[in-house]
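Quick note on numbering: the sequence shown equals residues 1 to 523 in this note's numbering.
Mixed in with the good hints there might be a few duds.
Unchecked claim - With a Cα cut of at most 25 Å, we get these calculated BS3-like pairs of lysine-lysine: (1) 504 to 415; (2) 489 to 415; (3) 415 to 486; (4) 486 to 504.
Simulated from the structure, these hints should not be mistaken for lab results. Owing to the predicted nature of the structure, the values given are computational and were not obtained by experimental measurement.
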Amino acid sequence: MPEQTFIEIVQQQARNKPQALAYRCGERRWTFADIERDSNRIANTLAAMGIVAGDRVAALTKFHVPSLLLTLAAAKLGAVCMPVNWRLAPGEVRYIVDHGGAKLMLADRGFLPLVDRAGMPSLQQVVVTDGAHEGLPGFDAWFAEGAASFNAVAARPEDPLLQLYSSGTTGLPKGVVLSHAGLAYNCRLGVEVWGVTEASVIGNALPTFHIAGANMALFALYSGATGACYPDFDPAAYIDAIGQHGISHTFVVPAMILFMLQSPQVRQGDFRSLQLMAYGGSPISDRVLTDAMAAFGCGLMQVYGLTEIAGSATFLLPADHQVSGPKARLLRSAGQPIPGARIRVIDPATGQDLPDGQTGEVLIESPGNMIGYWRNPEATTAAFPEGRNANGGWFRSGDGGYLDGGYLYINDRIKDMIISGGENIYPAEIENTLMQHPDVADGAVIGVPDPTWGESVKACVVRRAGSSTSEREIIDWLRERLAHYKCPKSIDFVQALPRNPSGKLLKRILREPYWQGRARGVH
Numbered sequence: 001m002p003e004q005t006f007i008e009i010v011q012q013q014a015r016n017k018p019q020a021l022a023y024r025c026g027e028r029r030w031t032f033a034d035i036e037r038d039s040n041r042i043a044n045t046l047a048a049m050g051i052v053a054g055d056r057v058a059a060l061t062k063f064h065v066p067s068l069l070l071t072l073a074a075a076k077l078g079a080v081c082m083p084v085n086w087r088l089a090p091g092e093v094r095y096i097v098d099h100g101g102a103k104l105m106l107a108d109r110g111f112l113p114l115v116d117r118a119g120m121p122s123l124q125q126v127v128v129t130d131g132a133h134e135g136l137p138g139f140d141a142w143f144a145e146g147a148a149s150f151n152a153v154a155a156r157p158e159d160p161l162l163q164l165y166s167s168g169t170t171g172l173p174k175g176v177v178l179s180h181a182g183l184a185y186n187c188r189l190g191v192e193v194w195g196v197t198e199a200s201v202i203g204n205a206l207p208t209f210h211i212a213g214a215n216m217a218l219f220a221l222y223s224g225a226t227g228a229c230y231p232d233f234d235p236a237a238y239i240d241a242i243g244q245h246g247i248s249h250t251f252v253v254p255a256m257i258l259f260m261l262q263s264p265q266v267r268q269g270d271f272r273s274l275q276l277m278a279y280g281g282s283p284i285s286d287r288v289l290t291d292a293m294a295a296f297g298c299g300l301m302q303v304y305g306l307t308e309i310a311g312s313a314t315f316l317l318p319a320d321h322q323v324s325g326p327k328a329r330l331l332r333s334a335g336q337p338i339p340g341a342r343i344r345v346i347d348p349a350t351g352q353d354l355p356d357g358q359t360g361e362v363l364i365e366s367p368g369n370m371i372g373y374w375r376n377p378e379a380t381t382a383a384f385p386e387g388r389n390a391n392g393g394w395f396r397s398g399d400g401g402y403l404d405g406g407y408l409y410i411n412d413r414i415k416d417m418i419i420s421g422g423e424n425i426y427p428a429e430i431e432n433t434l435m436q437h438p439d440v441a442d443g444a445v446i447g448v449p450d451p452t453w454g455e456s457v458k459a460c461v462v463r464r465a466g467s468s469t470s471e472r473e474i475i476d477w478l479r480e481r482l483a484h485y486k487c488p489k490s491i492d493f494v495q496a497l498p499r500n501p502s503g504k505l506l507k508r509i510l511r512e513p514y515w516q517g518r519a520r521g522v523h
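Take these sequences, add in the hints, and give me the full structure.
What follows is the structure in structure tokens.
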């Protein structure tokens with residue numbers, strides 16, 4: 001498919017296959033004609049309230065299709081949709097809405113307590129996804145009277161489509177502005193590399209404020225496949241859905257794989273339709289990966305990427321997922337650059353390129369690279385220290401890794417690196433080994449203050465049910481497998497590790513109690 005905007009893509013799908021099933025969510029169904037018609041009606045309704053090109057609208061919803069419809073409708077006006085993380089505190093939601101200057105918010109009824117309009121002066125209208133509530137209009141009724149046709153703006157592929165907010169692990173969240181072209185580029189890879197066709201069913205249980213969830217929703221539209229959407233992830237229910245709905249392709253984060261493997265339902269799951277399970281977003285342990293390969297019986301593909309590059313930088317293809325033989329070592333890699341992208345590794349202090357095998361900061365050049373950070377030119381410039389080029393420019397990822405034979409290996413976030421006695425220690429390496437311990441259900445490694453070494457290594461561990469394993473036993477077990485300086489000096493046993501809705505470990509929260517009152521920032 002040539003370079004197009006998503007306005008053109010939805011029009012084309014509605015014209016070529018109007019009655020084909022585009023999306024399903026619970027009992028609701030939408031054809032491609034429905035998506036085109038409803039997005040037109042919403043665009044007319046937005047125009048009537050004064051939304052114009054350059055404006056922002058916000059979506060605080062678990063429901064993929066309403067968020068997608070608002071995104072398409074806004075794009076037809078030249079406006080931009082901002083999906084908002086519904087797990088945030090009210091003050092954090094208020095910051096994002098105000099920073100974006102959103103004039104309308106689509107919100108689920110359960111999230112209305114988060115919506116303090118008095119604290120969000122830019123908001124002119126709140127619409128409730130799942131029906132009218134206390135004087136606020138319901139979404140379907142709100143746009144029902146809008147005309148079914150709309151004369152969309154003459155958008156260009158390089159124009160903005162989505163504005164997603166970073167997690168704010170190093171300060172206030174930044175608004176990542178992504179273009180039609182960048183998002184379509186990632187969708188095209190799904191067709192060319194993932195093998196998606198119009199007959200495919202794409203399972204999506206990730207939120208649309210997450211780049212993977214947003215991409216998977218757009219992916220169905222781009223490819224003409226059917227999107228099967230699930231507003232909440234329940235491991236047993238998702239296992240059932242794969243068989244019941246004939247899901248052929250899905251994207252999950254490693255925590256979701258772990259939870260499905262831990263569900264008794266996995267032993268009865270019908271995975272015959274499943275062709276590809278892509279995963280990414282956080283490190284995966286060897287044990288979880290090999291168990292997943294055995295349990296699901298489909299191709300697995302690792303995706304490494306970031307919001308700022310519209311999703312993907314590298315793929316570790318199914319052919320490289322081999323537990324034995326010469327390719328087995330590749331399971332620890334993030335794969336090779338996707339078609340059209342390039343990877344470099346530099347010394348973060350000097351900016352000099354590093355040779356194969358030497359760890360530094362990963363830089364990514366890709367057609368998916370963001371337009372920039374909204375209202376933050378300084379951060380945008382810092383993210384592209386060498387400027388922009390025809391292929392998006394070199395983006396500083398903040399990830400530590402190295403190249404070996406064309407494959408990228410990610411060690412950890414540069415900011416998560418532990419410096420103990422002058423040694424650089426990458427928690428991901430220790431965590432991978434820790435997760436192989438038979439009594440460890442979940443674990444994370446952080447640096448904590450040490451009067452002698454500056455920082456020392458600490459593990460936070462969730463024991464498997466029924467286990468009484470001790471701190472000493474786990475440390476001794478790790479010391480048999482890792483260099484001693486990398487091993488934890490102490491272990492805290494916890495009931496659960498803090499994670500965001502997409503399963504990403506929140507190390508900032510994990511570190512905070514240990515660094516209170518200390519000079520070092522908790523990222």
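Do the hints match the structure? See the list:
1. 504 to 415: Holds - the C-alpha atoms of residue 415 and residue 504 are around 15 Å apart, at most 25 Å.
2. 489 to 415: With a Cα-Cα distance of about 20 Å, the restraint between residue 489 and residue 415 holds, given a limit of 25 Å.
3. 415 to 486: Given that 25 Å is the threshold and the Cα spacing comes to 17 Å, the pair holds.
4. 486 to 504: holds, 23 Å
Going through the hint list in order, the structure satisfies each hint without exception.
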